[in-house]
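J.: Letter by letter, the chains look like this.
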Amino acid sequence: MGQIQLKQVTKSFGDVQVIPPLDLTIQDGEFTVFVGPSGCGKSTLLRLIAGLEDITTGHIEIDGQDATDVVPAKRGLAMVFQSYALYPHMSVRKNIAFPLRMAKLNQAEITKRVERAASVLNLTDYLDRRPGQLSGGQRQRVAIGRAIVRDPAAFLFDEPLSNLDAALRVGMRLEISELHKRLETTMVYVTHDQVEAMTMADKIVVLQAGVIEQVGTPLELYHTPRNTFVAGFIGSPKMNLMTGDEAAKHDAHTIGVRPEHIDVVESGGQWQGTVGVAEHLGSDTFFHIHNTGLAETMTVRAIGDVNLKHGDTIHLAPRVDEIHRFDADGLRIA
Amino acid sequence: MATKASRSAARFMMAPAVVLLLGWMLVPLIMTLWFSFTKYLPLRGDSIDRGLDWVGFANYARFLSSSSFWPSVQTTLVMVGGVLLITLVLGILLAILLDQPMWGQGVVRILVIAPFFVMPTVSALVWKNMLMDPVNGIFAHLWRFFGAEPVAWLQDASLSSIIMIVSWQWLPFATLILLTAIQSLDSEQLEAAEMDGAPVLKRFWHIVLPHLARAITIVILIQTIFLLSIFAEIFVTTGGAFGTRTLTYLIFQRVIDSQNIGLGSAGGVYAIILANIVAIFLMRIVGKNLDA
Chain A
1 MGQIQLKQVT KSFGDVQVIP PLDLTIQDGE FTVFVGPSGC GKSTLLRLIA GLEDITTGHI
61 EIDGQDATDV VPAKRGLAMV FQSYALYPHM SVRKNIAFPL RMAKLNQAEI TKRVERAASV
121 LNLTDYLDRR PGQLSGGQRQ RVAIGRAIVR DPAAFLFDEP LSNLDAALRV GMRLEISELH
181 KRLETTMVYV THDQVEAMTM ADKIVVLQAG VIEQVGTPLE LYHTPRNTFV AGFIGSPKMN
241 LMTGDEAAKH DAHTIGVRPE HIDVVESGGQ WQGTVGVAEH LGSDTFFHIH NTGLAETMTV
301 RAIGDVNLKH GDTIHLAPRV DEIHRFDADG LRIA
Chain B
1 MATKASRSAA RFMMAPAVVL LLGWMLVPLI MTLWFSFTKY LPLRGDSIDR GLDWVGFANY
61 ARFLSSSSFW PSVQTTLVMV GGVLLITLVL GILLAILLDQ PMWGQGVVRI LVIAPFFVMP
121 TVSALVWKNM LMDPVNGIFA HLWRFFGAEP VAWLQDASLS SIIMIVSWQW LPFATLILLT
181 AIQSLDSEQL EAAEMDGAPV LKRFWHIVLP HLARAITIVI LIQTIFLLSI FAEIFVTTGG
241 AFGTRTLTYL IFQRVIDSQN IGLGSAGGVY AIILANIVAI FLMRIVGKNL DA
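These protein sequences, in sequence, are chains A and B. Mapping to the UniProt record's numbering: the first sequence position 12 is 12, numbers consecutive. Mapping to the UniProt record's numbering: the second sequence position 62 is 62, numbers consecutive.
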């Protein structure tokens, strides 16, 4: 079990309120990702759930029990830190066993659980090494191992992949997703990387300045962003947002079109501009386009290798039914 | 220091310092060794100009067979051990205390360092006359206030009193080194331990103390070096009486009071041997913390 409920939770540091009243329910077994730009309060929110920070007002319930004033150790949650926070003077085995020793389990049970966690995470060969002798990915796995031995009600991840290189990050992303499928335990995951959010989450919570902008499945956020912030934040490359005459044509204050929803055509097309930078990835080509008269720069994704260079004129045809419309407050017009 | 040229330039520039240091250490050492094998009593007319009589190991035998030798070794070890214990335990507690966020942190930290700036002679005199004096000392007043008989500290608890004075002087050093070590502890490690269910004392035992191991090693090694040669505090307080005669002080008495330079030099060589035995033990016990 691991249902977490936040009710009217606020957090202030001194006079500064970093999280205004916030309600959120994280269902049992769900993989929830908090995503937002740095400083948006997502880590603070995670630490409030963990109990490492005291909430200023409001209530936190875990499995229906009020946990607002419960100490971190008694909440039944396990956390994986950004720096991994492994104990450098202990072997991997002792690191993983630490929470069990603190819970005063008997030695046989500890050994059994550590061995099981190690085999799940492919750490069996490294059990007697110190964290200092491991690579980044292995350390990450030890940190996860230390979390899973306790059979927690929920796992909390605080930007766990940000210290890994790009290739390793993709690998660990898959491993964590697979772990979630296997354990079926609630996971709350904080990241600033929307790609991680999109690929891993059952449910994404988009935060800005402590405020929840939207909650939904990755595809809900992609297809029906509630406002311009979510529209610009979710999706890579970013959505093209335009105001002015072009938006007025669609009866909106702002319109947005994703780069993948604009076709590059030989001639004609609704819009045109000059190519600034062309990024050739082989499978796709990203064009950064100037002088469209619509926005500062526009990003367009073309499938395959399209042979246009810097300075060339490009003709564009947006797919009309994929245009998102927003009103003057930035809210979506259905 | 990558290229051949820069390496030889470095050697060239370091040479004066190395030569000076070698001379500084080797000349007294060799002279001590030489004197220790001779009869050298300046008051009886012995002098280097007239040539000293070679007496072999007689001085060594006499120093060792003296009834004050073993007690002085014991006193030295008790004093060093006592001061180390007090400064480490209080140093760790103070460091933890100073690491807490509080009002006036900067001022408090400077105040804590203050005893280190006071000269040993001065601080020993202040302790002797202002605090520990059995008639006018603050402690005596305090004792009388509570209706107790004032303690004649430097007579009845002489060794403990000197340990107390020296500890007071060295506590700032231990505190400072341990404080910087505590500050370098990653707070996420403590939070992780908290999540793992470790209460405060266990966090201290399993996380903070192992993290401090290296700093503790450094404090022990450096303090031992200086504590073995404690002199001024004994000189101005008890003058070596009441069981406070350390090996260093015994050597001083042989050379200055008895004017027997040969005997004192032999004692000096024993002191070197004692320091090395202590050093080997320390390296065995704590030195492995300095690896990696």
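Calculated directly from the structure, the hints in this document are not laboratory data. All residues carry an ideal CB built from backbone N, CA and C; glycine is no exception. Hints are not guaranteed to be accurate.
[Said to hold, decoys possible] The list that follows gives simulated cross-link-like pairs (lysine-lysine, DSS-like), each with its CA atoms no further than 27 Å apart: (1) B:128 with A:104; (2) A:112 with A:94; (3) A:181 with A:74; (4) A:181 with A:112; (5) A:94 with B:202; (6) A:238 with A:249; (7) A:112 with A:7; (8) A:112 with B:202; (9) A:112 with A:74; (10) A:7 with A:203; (11) A:74 with B:202; (12) A:203 with A:181.
[What the hints assert, rightly or not] Reference excerpt, derived from the structure (chain B facing chain A, CB under 7 Å, subset only): (13) 184; (14) 188; (15) 198; (16) 208; (17) 210.
J.: Does each hint hold? Answer for all of them.
T.: Right, here's what the structure says about each hint:
Among the hinted pairs, residue 128 of chain B with residue 104 of chain A is inconsistent with the structure: their alpha-carbon atoms are about 52 Å apart, more than 27 Å. Taken as a hint, the residue 112 of chain A and residue 94 of chain A pair is honoured in the structure, with Cα atoms around 13 Å apart against an allowance of 27 Å. Between the alpha carbons of residue 181 of chain A and residue 74 of chain A the distance comes to roughly 25 Å, so the proposed pair stays at or under 27 Å and holds. The suggested pairing of residue 181 of chain A with residue 112 of chain A holds, with an alpha-carbon distance near 23 Å, which does not exceed 27 Å.
As the CA atoms of residue 94 of chain A and residue 202 of chain B are separated by approximately 15 Å, the hinted pair is consistent with the 27 Å bound. Note on residue 238 of chain A and residue 249 of chain A: the hinted pairing holds, with a Cα-Cα distance of about 22 Å set against a maximum of 27 Å. Distance check on the hinted pair: residue 112 of chain A and residue 7 of chain A sit about 39 Å apart at the alpha-carbon level, beyond 27 Å; violated. Proximity of residue 112 of chain A to residue 202 of chain B is assessed by CA-CA distance (about 23 Å); at most 27 Å being required, the pair is judged to hold.
Among the hinted pairs, residue 112 of chain A with residue 74 of chain A is consistent with the structure: their alpha-carbon atoms are about 23 Å apart, no more than 27 Å. A threshold of 27 Å between alpha carbons decides the hint, and for residue 7 of chain A with residue 203 of chain A the separation of about 18 Å falls inside it, so the pair holds. For the proposed pair residue 74 of chain A and residue 202 of chain B, the alpha carbon gap of about 16 Å is at most 27 Å, so the pair holds. Pair hint residue 203 of chain A plus residue 181 of chain A holds up; C-alpha atoms about 14 Å apart against a cutoff of 27 Å.
Checking residue 184 of chain B against chain A by beta carbon gives a least distance of about 12 Å; that is not within 7 Å, so the hint is violated. The interface hint given for residue 188 of chain B is met, as the beta carbon of that residue sits about 4 Å from the closest beta carbon of chain A, less than 7 Å. For residue 198 of chain B, the interface hint holds, since its Cβ comes within 7 Å of a Cβ in chain A; the closest pair sits about 5 Å apart. Because the beta carbon of residue 208 of chain B sits about 11 Å from the nearest beta carbon in chain A, more than 7 Å, this interface hint is broken.
Checking residue 210 of chain B against chain A: minimum C-beta separation of about 4 Å stays under 7 Å; hint holds.
Hint compliance for this structure: hints 1, 7, 13 and 16 are not met, and every other hint is.
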